[in-house]
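> So you can see what is in the structure, the chains are spelled out below.
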Amino acid sequence: MTLFLLCLGLWALGGLAGLAGNRRMPAVSSAAAVAGAALGLVAAAKVLVTGGGAVYRAGWQMPGAEIHLALDPLSAIFLIPILLLSALASVYSVGYLNGRENRQIGQVIFFFHLLAISMCVVVAAKNAVLFLLAWEVMALSSFFLVMLDSRETGVRRAGWMYLVATHLGTAFIVLLFAWMGSAAGSFDFDRWQGISRTWPHLASAWFILALIGFGAKAGFWPLHVWLPEAHPAAPSHVSAVMSGVMIKTGIYGLIRIVTVIGPPPAWWGLTLLLIGLTSGVLGVLFALAQHDIKRLLAYHSVENIGIIAIGLGGGLLGMSYGMETAAVFGWAGAILHVINHALFKGLLFMGAGSVLHATGTRDIEKLGGLLKKMPLTGTTFLIGAAAISGLPPLNGFVSEFLIYVCFFKLALGSAAGGAAAAAAIAGLALIGGLASACFVKVFGVVFLGEPRGPTGAHATPFSMATPMAALAAACVLIGVFPAAACRGWATAVLLSAGVVSDAGAESLLTLAGTLQWANLCIGALVALMILIAIVRRWMLAGRPAGQTVTWDCGYAAPTPRMQYTAGSFVQPFMDLFQAILQPQEHRRPPAGYFPKEASYESHTGDLATRRVFGPLFGWIQGAAEKLQWVQQGRVQTYLLYVFVTLAAILSFQAFR
Amino acid sequence: MTGEFPAVLVLVVITNFYILNTGRYVNSVRSIALQGCLLAVLPLPEALAGSPQALFLSAGTLIVKGILMPLILIRVIRSTDEFRVAQPFLGPVASVLVGFAILAAAFRAGALIPAPLRPHDGLMGAVGLATILTGMLIMVNRRKAVGQVIGFLILENGILILSLRISRGLPFVIEMAVLFDVLLAAMIFGGFIQSVHETFAHTDVSRMRKLKG
Amino acid sequence: MMTDLMDTAREIVRQWAFVLAVSPILPGIVAKTKAWFAGRRGPPLLQPYRDIFKLFRKGAVYSRTTTWLFRAGPVVSFSAALAATLIIPLGGMESPLTFQGDLILFAYLWGLSRFFTMTAALDTGSAFEGMGASREAAFSCLAEPALLLGLLALAREAGSFSMSDVLSVGLIRIWSIHAPALCLVTAAFLVVFLTENSRIPVDDPNTHLELTMIHEVMVLDHGGPDLALIEYGSAVKFFALGALLVRIVCPIRSGGFWEGGAALVIGLAALSVLVGVIESTMARLRLSRIPQLLALSFVLSGFGVILTLAAGS
Numbered sequence: 001m002t003l004f005l006l007c008l009g010l011w012a013l014g015g016l017a018g019l020a021g022n023r024r025m026p027a028v029s030s031a032a033a034v035a036g037a038a039l040g041l042v043a044a045a046k047v048l049v050t051g052g053g054a055v056y057r058a059g060w061q062m063p064g065a066e067i068h069l070a071l072d073p074l075s076a077i078f079l080i081p082i083l084l085l086s087a088l089a090s091v092y093s094v095g096y097l098n099g100r101e102n103r104q105i106g107q108v109i110f111f112f113h114l115l116a117i118s119m120c121v122v123v124a125a126k127n128a129v130l131f132l133l134a135w136e137v138m139a140l141s142s143f144f145l146v147m148l149d150s151r152e153t154g155v156r157r158a159g160w161m162y163l164v165a166t167h168l169g170t171a172f173i174v175l176l177f178a179w180m181g182s183a184a185g186s187f188d189f190d191r192w193q194g195i196s197r198t199w200p201h202l203a204s205a206w207f208i209l210a211l212i213g214f215g216a217k218a219g220f221w222p223l224h225v226w227l228p229e230a231h232p233a234a235p236s237h238v239s240a241v242m243s244g245v246m247i248k249t250g251i252y253g254l255i256r257i258v259t260v261i262g263p264p265p266a267w268w269g270l271t272l273l274l275i276g277l278t279s280g281v282l283g284v285l286f287a288l289a290q291h292d293i294k295r296l297l298a299y300h301s302v303e304n305i306g307i308i309a310i311g312l313g314g315g316l317l318g319m320s321y322g323m324e325t326a327a328v329f330g331w332a333g334a335i336l337h338v339i340n341h342a343l344f345k346g347l348l349f350m351g352a353g354s355v356l357h358a359t360g361t362r363d364i365e366k367l368g369g370l371l372k373k374m375p376l377t378g379t380t381f382l383i384g385a386a387a388i389s390g391l392p393p394l395n396g397f398v399s400e401f402l403i404y405v406c407f408f409k410l411a412l413g414s415a416a417g418g419a420a421a422a423a424a425i426a427g428l429a430l431i432g433g434l435a436s437a438c439f440v441k442v443f444g445v446v447f448l449g450e451p452r453g454p455t456g457a458h459a460t461p462f463s464m465a466t467p468m469a470a471l472a473a474a475c476v477l478i479g480v481f482p483a484a485a486c487r488g489w490a491t492a493v494l495l496s497a498g499v500v501s502d503a504g505a506e507s508l509l510t511l512a513g514t515l516q517w518a519n520l521c522i523g524a525l526v527a528l529m530i531l532i533a534i535v536r537r538w539m540l541a542g543r544p545a546g547q548t549v550t551w552d553c554g555y556a557a558p559t560p561r562m563q564y565t566a567g568s569f570v571q572p573f574m575d576l577f578q579a580i581l582q583p584q585e586h587r588r589p590p591a592g593y594f595p596k597e598a599s600y601e602s603h604t605g606d607l608a609t610r611r612v613f614g615p616l617f618g619w620i621q622g623a624a625e626k627l628q629w630v631q632q633g634r635v636q637t638y639l640l641y642v643f644v645t646l647a648a649i650l651s652f653q654a655f656r
Numbered sequence: 001m002t003g004e005f006p007a008v009l010v011l012v013v014i015t016n017f018y019i020l021n022t023g024r025y026v027n028s029v030r031s032i033a034l035q036g037c038l039l040a041v042l043p044l045p046e047a048l049a050g051s052p053q054a055l056f057l058s059a060g061t062l063i064v065k066g067i068l069m070p071l072i073l074i075r076v077i078r079s080t081d082e083f084r085v086a087q088p089f090l091g092p093v094a095s096v097l098v099g100f101a102i103l104a105a106a107f108r109a110g111a112l113i114p115a116p117l118r119p120h121d122g123l124m125g126a127v128g129l130a131t132i133l134t135g136m137l138i139m140v141n142r143r144k145a146v147g148q149v150i151g152f153l154i155l156e157n158g159i160l161i162l163s164l165r166i167s168r169g170l171p172f173v174i175e176m177a178v179l180f181d182v183l184l185a186a187m188i189f190g191g192f193i194q195s196v197h198e199t200f201a202h203t204d205v206s207r208m209r210k211l212k213g
Numbered sequence: 001m002m003t004d005l006m007d008t009a010r011e012i013v014r015q016w017a018f019v020l021a022v023s024p025i026l027p028g029i030v031a032k033t034k035a036w037f038a039g040r041r042g043p044p045l046l047q048p049y050r051d052i053f054k055l056f057r058k059g060a061v062y063s064r065t066t067t068w069l070f071r072a073g074p075v076v077s078f079s080a081a082l083a084a085t086l087i088i089p090l091g092g093m094e095s096p097l098t099f100q101g102d103l104i105l106f107a108y109l110w111g112l113s114r115f116f117t118m119t120a121a122l123d124t125g126s127a128f129e130g131m132g133a134s135r136e137a138a139f140s141c142l143a144e145p146a147l148l149l150g151l152l153a154l155a156r157e158a159g160s161f162s163m164s165d166v167l168s169v170g171l172i173r174i175w176s177i178h179a180p181a182l183c184l185v186t187a188a189f190l191v192v193f194l195t196e197n198s199r200i201p202v203d204d205p206n207t208h209l210e211l212t213m214i215h216e217v218m219v220l221d222h223g224g225p226d227l228a229l230i231e232y233g234s235a236v237k238f239f240a241l242g243a244l245l246v247r248i249v250c251p252i253r254s255g256g257f258w259e260g261g262a263a264l265v266i267g268l269a270a271l272s273v274l275v276g277v278i279e280s281t282m283a284r285l286r287l288s289r290i291p292q293l294l295a296l297s298f299v300l301s302g303f304g305v306i307l308t309l310a311a312g313s
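Protein chains in written order, with the working numbering: chain A, 1 to 656; chain B, 1 to 213; chain C, 1 to 313.
Keep in mind the hints are simulated off the structure, nothing from the lab. Even for Gly, the Cβ is constructed at its ideal location relative to N, Cα and C. Careful, some of the hints might be misleading.
Here are the simulated distance ranges between beta carbons [claimed, not checked]: (1) C:Leu45 x A:Pro595: 47 to 55 Å; (2) C:Val277 x B:Leu44: 50 to 58 Å; (3) C:Leu45 x A:Ala416: 47 to 55 Å; (4) C:Asp4 x A:Arg57: 48 to 56 Å; (5) A:Ala533 x C:Lys54: 18 to 26 Å; (6) B:Leu71 x A:Ser602: 56 to 64 Å.
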């Protein structure tokens, strides 16, 4: 535990150092961040290996509150991606922020470190009040980070939207904690363990509250609306952390509450599965329609949160049907996907940041051919893109594979879960295909071909390149050695989540065995790829290799403007899913025999914003306007309101 | 299980999907003829077991649903050019997927039918239910009056399947009466469509909204 | 443990050698069938071997627009196809690598191959190749759910979800009780097979108009050994997906590697003839019709799953 506290201390020092406003300070702060993260990772690893927890308790003046921090395996497994990605993002920020004013840099460093500390405390807190406090600090610090460029109208809009969304979610969490706390007579998470045994009829109400409250942070559809606004607005390393790990605290909260409440009924699993499928499919569909690279990545976060929810849903279904093996695969897949998504989404946002840094635009239609100018960014982005599409031999495949296995086991083992499992399998396959199409589009249009506009690009600075290379290496390592990557934590985490009751359980052995076999197959694939590459090189050695222009059906003077654009690439999808996407199109078709100008533009707004929240908030505003007579603008009237309210409360107390 | 032809029922479902998918009314009518012939197979086991009514029902189904009604419909379609292509509100891919959702729901709902009426294995009941719902979907989803007639006929086929399963003891006379009612309905529909077409030069039923006061 | 590993390695090499030796004849059979329908003599059966051999000996020409990815594309797609054949059991015996869940890997390996083919196509910056990649992406993301749902239906019937168990002799018993479900899955797989192998009615491998092509247009710029890898890879893909289809339709009972392999090749030859017949008698579908066909194949697979679920409960 000392290590963990030291880690927090180092991060705090780094954050304060950033405020000093010195030119050297970013490097110093990120050094502190890396050192702190290293200590924290050691602490987390220790917990996972021993399976035991470390506790720190201290008194606190607030009623019901206590500073109670503890690392159990569940906290530790979330702590690892948080620390890893935050530290790497902090290194990345040294190069990324270079060129901004000192004052701004100091702000970013301070709030970024605050964000990292608050995330660590959120996953380690064992007291509801402490948890809420950290949760609020997390929301506010990330709000200030989003608002960094608040002179732009779009950024301000995004920031306010985020603030409102996150607080609406927090309201539900406060309600949940107050309710559970009063039921259990304590605000300590440990005392809530198995609470559904004393309050069986309330468990489902709590589950729904947790689903909404934490779902708003995680970005479940339709509570995701703030994500595609806030993530593009923030600086890229902050987007990486927000999308990679901050939204995962919502998943953590949900898992914590579900495991604390007790054995789940089947409909919890089905609900999560349904939410996951909706988020997954709609997330990736709307991602396909975007032309802003960071907005697109934000929609992919919705998709991946959906995949995690599908996995968790499968895990819960397995638990409620008493199929331990299926449950183990679902949980392991979901948790591994939490880590994997942190790795590749962090990588992709950093890559997008490098592109933005180098070219000054996020519009993928203006880019092209960057792989030649930014080879490292391009290559690591490709690894991230293939990983997020769930392709072997990368890490995204491993977690999706585990989730698939969970549903195959459910479909084979039970009649009741069969239909749900089939829906999940078809949904996952569709999501996988769409995601891979989307990333072919992004990577192909941004990094391949010829530049589409006169954007100058420079190579990526060292401090930005290193974190990307590290994340890409992690993606490859987990993908090529899945068995080793899961061996360390699976048993401890699944035991602590109550999925299995025994460290030597049959289901855990099945998990390890399956992963080992998958490992062998992936190994064969990798070996084959290397072999074929060598054979190809050997065959071409000493042979003439000509250079020419691209074959364009005999047309010898192709220009970059003739290339396929992102908009044209997704046109078949826009046609297929028009009913859902409802793009707004502005077209000026060519006219006459010698058409001069023609253009086509499409813009796809968010379905939930337009159809759910727009009308809802409009209605609320309408209702509020009807109450306008309350506002008289006279101080005396307002004092009268206060007086009347007080009198009402007093009389209620008196006559109760 | 005697009297169950899983292959026939599966083919009925496939013709449903084909009709949902196809854009040409002539193709739809041909599939309906095929569906009628398939339905005629269903009562056969009982006929072979020595039930003359079942034989009558089978033959009646074949003649009415497999031959007569498709012929009438083809004539109606041929007589008016605009009927050739369906203009559904939902595209073919979407309507097939909605049809699939209906099918899945019908199989889930098989368990909800009260016990005395529930078929022994879900197939016949579920296929009947799915066919009824698919017929409704087609009726809702087609613009032209012919589309509604086709949907209605599919719906009726679904009812036939369901009744074959449920009404083991029900007199076949009723079935036969229903069969002729449907034939009559098809003829009246045909005449109706033709006269509407002659009057307005189109049969786009969505434009009937104009009649509203 | 060590000897186990050696045995597995030997089996892997044997399987690869077999697949590599046999697969190029299948496109040859397709071409021969089509020639027969057209009343021509057609190229000799072994022509694909000669083509591949010739291409392997050539140099290469690269567009100045392309990067290393363009060169990596064929390597990855060929390796993925070859790796997928390890999961398919030849004859009556188990495949060299078999475990619960290998059919998921089987489906995803095609995703890997496609991803790199599409990015390599976009690497050229050609509008035509971009068009091909776009269509490939759209159609494959509809075919993938059909494939996985069909595999789920089979897995439920077999009570196991490893490819070797699914495609075992147990299928004979399943055919005798659940023929409708298996028919549905077979029909769906046939559509998936034709789509994945870019065959009529989804794509036309022989067209000379870039605007209408899907797969062929993506590999327009490749030449020499790269093109050889692509051609060889597509023959291997034909073998692997075809073997899945053939083993479902005729689950032959045969213990040995060579007898089983020979029987499989006969089945594949028949499938190639069928493909030739389809290509000779059908026209390519209009592009807007292809999603309809794929949606139907999805529905067929899904209906197969529903039937197996209804039978189980």
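> It remains to establish, for every hint, whether it holds in the given structure.
Comparing the hints with the structure gives:
{"no.": "1", "hint": "C:Leu45 x A:Pro595: 47 to 55 Å", "result": "holds, 51 Å"}
{"no.": "2", "hint": "C:Val277 x B:Leu44: 50 to 58 Å", "result": "violated, 34 Å"}
{"no.": "3", "hint": "C:Leu45 x A:Ala416: 47 to 55 Å", "result": "holds, 53 Å"}
{"no.": "4", "hint": "C:Asp4 x A:Arg57: 48 to 56 Å", "result": "holds, 52 Å"}
{"no.": "5", "hint": "A:Ala533 x C:Lys54: 18 to 26 Å", "result": "holds, 22 Å"}
{"no.": "6", "hint": "B:Leu71 x A:Ser602: 56 to 64 Å", "result": "violated, 48 Å"}
The earlier numbered hints that this structure contradicts are 2 and 6.
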